[in-house]
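Peer 1: Listed below, chain by chain, are the residues.
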Amino acid sequence: MSLWEYANPTKFMALTGAALPWVAVGSGACLIVGLTWGFFFTPDDFRQGSTVKIIYLHVPAALMAINAWLMMLVTSLIWIVRRHHVSALAAKAAAPVGATFTLIALATGALWGQPMWGTWWEWDPRLTSFLVLFLFYLGYMALWAAIEDPDTAADLTSVLCLVGSVFAILSRYALLFWNQGLHQGASLSLDKEENVADVFWYPLLVCIAGFVLLFVALVFLRARTEIRLRRMKALMARERLAQ
Amino acid sequence: MMALLRRDLALAVRAGGGFGLALAFFLIVVTLVPFAVGPASSLLATIAPGVLWLGALLACLLSLDRLLALDFEDGSLDLLATAPLPLEAVAALKALAHWLTTGLPLTLAAPIFGVVLNLPASGYGWLTLSIAIGTPALSVIGAFGAALTVGLKRGGLLLSLIVLPLYIPTLIFGAEVARRGATGLETSTPLAALAAITLACTALMPFAAAAAIRINLR
Amino acid sequence: MMPDLGTYTVWVLSAYGVSLGLLAAIIGLSIVQARRALRDLRQMEEGRARARAASESSQGHDLTERTHG
Chain A
1 MSLWEYANPT
11 KFMALTGAAL
21 PWVAVGSGAC
31 LIVGLTWGFF
41 FTPDDFRQGS
51 TVKIIYLHVP
61 AALMAINAWL
71 MMLVTSLIWI
81 VRRHHVSALA
91 AKAAAPVGAT
101 FTLIALATGA
111 LWGQPMWGTW
121 WEWDPRLTSF
131 LVLFLFYLGY
141 MALWAAIEDP
151 DTAADLTSVL
161 CLVGSVFAIL
171 SRYALLFWNQ
181 GLHQGASLSL
191 DKEENVADVF
201 WYPLLVCIAG
211 FVLLFVALVF
221 LRARTEIRLR
231 RMKALMARER
241 LAQ
Chain B
1 MMALLRRDLA
11 LAVRAGGGFG
21 LALAFFLIVV
31 TLVPFAVGPA
41 SSLLATIAPG
51 VLWLGALLAC
61 LLSLDRLLAL
71 DFEDGSLDLL
81 ATAPLPLEAV
91 AALKALAHWL
101 TTGLPLTLAA
111 PIFGVVLNLP
121 ASGYGWLTLS
131 IAIGTPALSV
141 IGAFGAALTV
151 GLKRGGLLLS
161 LIVLPLYIPT
171 LIFGAEVARR
181 GATGLETSTP
191 LAALAAITLA
201 CTALMPFAAA
211 AAIRINLR
Chain C
1 MMPDLGTYTV
11 WVLSAYGVSL
21 GLLAAIIGLS
31 IVQARRALRD
41 LRQMEEGRAR
51 ARAASESSQG
61 HDLTERTHG
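Chains as they are written, first to last, in the working numbering: chain A, 1 to 243; chain B, 1 to 218; chain C, 1 to 69.
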């Protein structure tokens, strides 16, 4: 039994249909436990006060925003190399979820930055990279939406995803350079994970697990929708031929 | 190959004055900037390198949707795809023709527009150099974007949405060269990075563009 | 029950509000789209099944008529 078995839409539908409720419940449980734990039962940070509680949303969302793009990159590659339709549809399904996570990361970052740095937005490389990532998500989704023929759309968006990944990484390094050029020494970086004390770390882990499971559940759900829509299109085309 | 390049250039010049349009757009953007930010010459001098770069970038973007659209509509792209010349070379030639009709005039005009924006004297050489080195990258990346959206009815807006994020690294390094040059700082690092981006894009993007054209012609 | 968030109450609460709102939006959108796709596909398959049944019965009808003729 190889992994490629699940590239068959019927098998994929069966597997995800069975797995979806479990993943969804697991995600809900992790999110409720993690966020409640983080929000109600963790102490305030001595420097950041209660704003440290934003970390339970910000870090998992940012993490999954990048991983969603990575997942799209992998599924695009699989589509180009092995031409499994499920793979292309999974990439399509992941894009809006990734864009939402990026938006959450940006919004929570701004809401944390306002009291902590005294500004909503700072053209810091990290922040700016996320804005750029969001733009890439927008372009990718717009290209999917614009092209009629599903196989052409899958091909072109896959190519865009590959090229976009290269340019996203390039932008990341360009931005690091650009910011140093702007204000030397004034580095505004978020707390590294190793700086986070255990009290914050464990609920954060639970929240990350919740976001990962949420992403998987949403991708399953949306990919199932896409497969059904594709089947409907095929049926309609067949009827038109029959007439 | 030369015939194709000559044909593309002739088409660009004939169809709506390829040289003039991008330049006129660049001029308008540069003219509008003082209206938007105020006429204070010190402020204009500070932002001049960035504004000139942004104007050049937008002028490049403006003419992209016609890079392949005409050939796609009248079917000559199909002919080119079956011609002995590889499609990668066709894409590269199209980008070259685009650069000759937009990038080159923009490079030559940039110092003149720099005068209007009160660019500091030390900046002219660096600005011209950075635009000369950077615009080829804009043209080949644009050729890729045009190849992606060539089959679409209203691809223009989508083209900008796709291409502009891809322009970010080029813009950052290009404007950085111009800005550092204008303020008399050392410019070799961003210049090297800009040149690296242009060389890498020129080498690799025609393949991506050709792949996208093949998909669209299928 | 509500923890004391001090001076940052507004920021923390709005961060949670915005995030949960966005999550609810994407989850809700996905569910609505999934339901609609499922419903439309079911309808279409039922319609096809009915059409096939109808066409088969009409063909059968034709046959019987012909035998009568």
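A couple of the hints might just be wrong.
[Stated by the list, open to error] The following residues of chain A were derived to be distant from chain C, with all beta-carbon distances above 12 Å:
(1) I55
(2) L57
(3) R82
(4) A107
(5) L214
(6) F220
(7) R238
[Unchecked claim] Chain B side only, calculated, beta carbon under 8 Å to chain A, not exhaustive:
(8) F25
(9) I28
(10) V29
(11) L152
(12) L158
(13) I168
(14) F207
(15) A212
It is worth saying that the hints were derived from the structure and are not from the lab.
From the three backbone atoms N, C-alpha and C, an ideal C-beta is built for every residue, glycine too.
Peer 1: Tell me, in ascending order, the numbers of any earlier hints that this structure violates.
Peer 2: 1, 2, 4, 5, 6, 7, 8, 9, 10, 14
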